[in-house]
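Below, each chain spelled out in residue letters.
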Amino acid sequence: MIAWLNDPGNWTAPGGIFDQLWSHLQYALIALVVAAALALPVGLLIGHAGRGRWLVTVANAVRALPVVGLLILLYVMLAPHIHGRGDTVYLLPTEIVLILLAIPPILASTVAGVENVDPAVRDAAAGMGMRGGQVVRRVELPNALPLVFSGVRSATLQVIATATVAAYLGLGGLGRFVYDGQASQNFAERDAGALLVALLAVAADLVLALAQRYTVSRGVSGRFPRRTLVGDPVATADAPPSTHTA
Amino acid sequence: MPLHDSLLAQDSSPFGMFGYFSDHRDEVLNWLWYHTWLSAVPVVAGLLIALPLGWVARRYRWTYPPLVTTAGLLYTIPSIALFVAMPDIIGTQILDPINVAVALTVYSVALLVRVVADGLGAVPEDVAQAATAMGLTRRQRLLKVELPLAVPVIAAGVRVAVVANVSLVAVAGTIGVPNLGQLFTTGFQLSVGSPYYPPITLGIVLCVLLALALDLLVVGGTRLATPWRRAVSGS
Amino acid sequence: MIRFESVSKKYPDGTLAVDRLELVAPSGEITVLVGPSGCGKTTSLRMINRMIEPTSGRIWLDDRDTATVPTHELRRGIGYVIQHAGLFPHRTVVDNITTVPELLGTDKKQARRRALELMERVGLPAHFAKRYPAQLSGGQQQRVGVARALAADPPVMLMDEPFSAVDPVVRAQLQNEFLRLQGELGKTIVFVTHDIDEAIKLGDRVAVLQVGGHLAQLAPPAELLSDPADTFVAGFVGRDRGYRALGFAEAGLLPVRKEHAVRLGSGRGEAHDAAEDGWVLVTDAEDRPQGWLRTDRLAEAEPTGPVTAPELNLGGTLASETATLREALDSALSSPSGRGVIVDGAGRLLGTVTASEVLTRIEQQRAAADPPFTGDVGPGGAESEAS
Numbered sequence: 011m012i013a014w015l016n017d018p019g020n021w022t023a024p025g026g027i028f029d030q031l032w033s034h035l036q037y038a039l040i041a042l043v044v045a046a047a048l049a050l051p052v053g054l055l056i057g058h059a060g061r062g063r064w065l066v067t068v069a070n071a072v073r074a075l076p077v078v079g080l081l082i083l084l085y086v087m088l089a090p091h092i093h094g095r096g097d098t099v100y101l102l103p104t105e106i107v108l109i110l111l112a113i114p115p116i117l118a119s120t121v122a123g124v125e126n127v128d129p130a131v132r133d134a135a136a137g138m139g140m141r142g143g144q145v146v147r148r149v150e151l152p153n154a155l156p157l158v159f160s161g162v163r164s165a166t167l168q169v170i171a172t173a174t175v176a177a178y179l180g181l182g183g184l185g186r187f188v189y190d191g192q193a194s195q196n197f198a199e200r201d202a203g204a205l206l207v208a209l210l211a212v213a214a215d216l217v218l219a220l221a222q223r224y225t226v227s228r229g230v231s232g233r234f235p236r237r238t239l240v241g242d243p244v245a246t247a248d249a250p251p252s253t254h255t256a
Numbered sequence: 002m003p004l005h006d007s008l009l010a011q012d013s014s015p016f017g018m019f020g021y022f023s024d025h026r027d028e029v030l031n032w033l034w035y036h037t038w039l040s041a042v043p044v045v046a047g048l049l050i051a052l053p054l055g056w057v058a059r060r061y062r063w064t065y066p067p068l069v070t071t072a073g074l075l076y077t078i079p080s081i082a083l084f085v086a087m088p089d090i091i092g093t094q095i096l097d098p099i100n101v102a103v104a105l106t107v108y109s110v111a112l113l114v115r116v117v118a119d120g121l122g123a124v125p126e127d128v129a130q131a132a133t134a135m136g137l138t139r140r141q142r143l144l145k146v147e148l149p150l151a152v153p154v155i156a157a158g159v160r161v162a163v164v165a166n167v168s169l170v171a172v173a174g175t176i177g178v179p180n181l182g183q184l185f186t187t188g189f190q191l192s193v194g195s196p197y198y199p200p201i202t203l204g205i206v207l208c209v210l211l212a213l214a215l216d217l218l219v220v221g222g223t224r225l226a227t228p229w230r231r232a233v234s235g236s
Numbered sequence: 013m014i015r016f017e018s019v020s021k022k023y024p025d026g027t028l029a030v031d032r033l034e035l036v037a038p039s040g041e042i043t044v045l046v047g048p049s050g051c052g053k054t055t056s057l058r059m060i061n062r063m064i065e066p067t068s069g070r071i072w073l074d075d076r077d078t079a080t081v082p083t084h085e086l087r088r089g090i091g092y093v094i095q096h097a098g099l100f101p102h103r104t105v106v107d108n109i110t111t112v113p114e115l116l117g118t119d120k121k122q123a124r125r126r127a128l129e130l131m132e133r134v135g136l137p138a139h140f141a142k143r144y145p146a147q148l149s150g151g152q153q154q155r156v157g158v159a160r161a162l163a164a165d166p167p168v169m170l171m172d173e174p175f176s177a178v179d180p181v182v183r184a185q186l187q188n189e190f191l192r193l194q195g196e197l198g199k200t201i202v203f204v205t206h207d208i209d210e211a212i213k214l215g216d217r218v219a220v221l222q223v224g225g226h227l228a229q230l231a232p233p234a235e236l237l238s239d240p241a242d243t244f245v246a247g248f249v250g251r252d253r254g255y256r257a258l259g260f261a262e263a264g265l266l267p268v269r270k271e272h273a274v275r276l277g278s279g280r281g282e283a284h285d286a287a288e289d290g291w292v293l294v295t296d297a298e299d300r301p302q303g304w305l306r307t308d309r310l311a312e313a314e315p316t317g318p319v320t321a322p323e324l325n326l327g328g329t330l331a332s333e334t335a336t337l338r339e340a341l342d343s344a345l346s347s348p349s350g351r352g353v354i355v356d357g358a359g360r361l362l363g364t365v366t367a368s369e370v371l372t373r374i375e376q377q378r379a380a381a382d383p384p385f386t387g388d389v390g391p392g393g394a395e396s397e398a399s
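Residue numbers (this note's numbering), protein chains in the order written: chain D, 11 to 256; chain R, 2 to 236; chain C, 13 to 399.
Rather than coming from a laboratory, the hints here were simulated on the basis of the structure. Since the model is a prediction, treat every value here as computed from it, not as a measurement. One or more of the hints may lead you astray.
[Stated by the list, open to error] Not close to chain C: a few residues of chain D, all C-beta gaps over 10 Å, as computed: (1) Trp64; (2) Met87; (3) Thr98; (4) Leu102; (5) Ala136; (6) Gly137; (7) Met140; (8) Arg148; (9) Val212; (10) Tyr224; (11) Val226; (12) Gly229.
[As the list claims (entries may be wrong)] From chain D, some residues computed to sit far from chain C (all C-beta separations above 12 Å): (13) Leu15; (14) Asn20; (15) Phe28; (16) Ile40; (17) Ala89; (18) His93; (19) Arg132; (20) Ala134; (21) Gln144; (22) Pro152; (23) Ser227; (24) Gly232; (25) Phe234.
[Stated by the list, open to error] Okay, the calculated bits of chain R under chain D, using three or more residues with CB under 8 Å as the criterion: (26) 97-111; (27) 119-133.
Even glycine gets a Cβ: it sits at the ideal position worked out from N, Cα and C.
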């Protein structure tokens, strides 16, 4: 496997590692962007209004569908209607499945994130004269961000891992090496493909962790410099008055 | 994979799955049996491993970050990768179902370690203190107070693991491991030219039913194990 | 001025939270709504800024019917302080305070300057500006909550149990500072509490509400104590209301007698000579009373040594020369020597007074005034004018 990975030809050749890595990333990104664009606003709305929670239940029920079965079903259904060029015939069912896979974690955690915002904080926001949209954007979203990120990260892991199966249909991506290696008994190629998917997933998670660090307010994440928490003039402001007893 | 010409002559719509089932009854039931076994056993095994690990992560706080991070990393490995790599790791044959069972056990452990640790930690501090004040030993406290109170949290994790496993087992079908996933590959191969739905829809329906049944089993077990929750929500 | 005009609130489940409430909260005054839980006090408060919509009736803000103003506009003009402060966890202290000015489109620099000024006013050091709410204690969070409500300088403030989530010592301190602040700002305040002591301490007028949203009595605190409207109010204001009513009557010139005190560090012989009835008062170098010393303890230690602080009995309270009868009486009752210590504005010893002398003064006032003790002095220095 190491030898296979060390061969520069395997990286740069057409259909080599660079190409498939890029394809894999593309499939995952498209699915995640579409899923987030759907699940995030809907999740914020459900959490804010406190209604429509059944949508989360429905989305969660989708998780019980077997991914491979759904993928093949969609392919078989759509293939006769897609004609002509390129990978569309494989890409469309793959993206649909990946989007369906990514929506539940993002939706559920966004709703939970908004619902977890301290009721006193929402009350204060409305009481100060924020409109509904302002409460969502200025208060609920920033406070729900840690959970939103946890949903997006979990969706990303699942999407990257599952995009591998797309190669079974005939689509590109790192799954190509796994299935081709398996078929041609080239186990070095197969295992290298598996390793690359895992590495890609870890790398994507790291990028998201970094993004989370820079977008979530310290007041929410609780990452404060130690010294500000103890032993400073804070105490004196609330100290009992020293007068009035003898 | 036996390909009978007579098959293609039958109803190829999604509803042909009933006919398909009666024609391939023994084979399909066999696959269903394998699928059930492969979905359930790894979760049980994973839970048995995750319980002590989660306890350690809670009891010795410094072990929490490395344990949970490692578990998170294991979870990033795509299932198909783990299925194909498992023979190299444990020295089995590639199509041996044991591979899938071990691989899924790894996932279940990865998922449940954190759940167990967080569940045990979710016991309210005053409850834990009251238990100590009443003279329970550390072990009694764990078995009589912390573990029972953590059951709902752990059960939620087990439900996720079991439902995810049903889908993951089917993935193993695409590389030839016998289970309901075979129905999908069969359908895929029979759909060259024109769509042939019966095995595909049959596979999806059976997988969903299996996931539902296992989920209900966990929910029922949790209700039995936590009578105090029924008392509150019971109406 | 806030005026409730036959305001009712009925919830869909049939609960009548507020029943035809008629109430006026005069400008520049603190009107306290007090009552047991379920009396509709919070509902009444939240109907003012329409966080809850009344089922019937009108609420007037000066000459505007609140129902005719868009809610967000109405609320931006009303300060709102709630029990757990409800600070935005993701924003720093200064960003929390500038929230409403920001919504109103105030210049950012100007809003920040005002925020820093307000922080000083509510007793928060300037270096807290960049902190997050999670880095503050409960009392400090509540100070930020008050500053945030004041940021756009609204004429009206609604306060819903703002001090009930902090410990008693901090609560007393926040109450005192709140009264000082109100003395400077003169806002129209509606204040909700379940604590009758807090109501009596803070209110210019106190509205006692009964379960079911029925107004039992609306009166200045002293009148509430001296003349409860019915048995519910009498029961609610509590048993020792006769004693507490003394807190609204100025003691006036008490017959203060000279007390022979010694300073810390004086010789024990000197202390022995100054003692009267077995007790001697000890002061510091500036004549501020520090505590009482028993003469038989003087003999226990070395007879030639100085008087030291650890020996002192600290049981007695101090009353100032402008004290109320309650403070004067408490000073006498709490003093181990039976002599209550009276000090001047700077805390220096003026002399002592006994409990019977204070009681005589109470009898005199009772004879001179009818009805007795209808508070001629507001609580703790809120000398705001009714309008």
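Which hint numbers doesn't this structure obey? 5, 6, 7, 8, 11, 12, 19, 20, 21, 22, 23, 24, 25, 26 and 27
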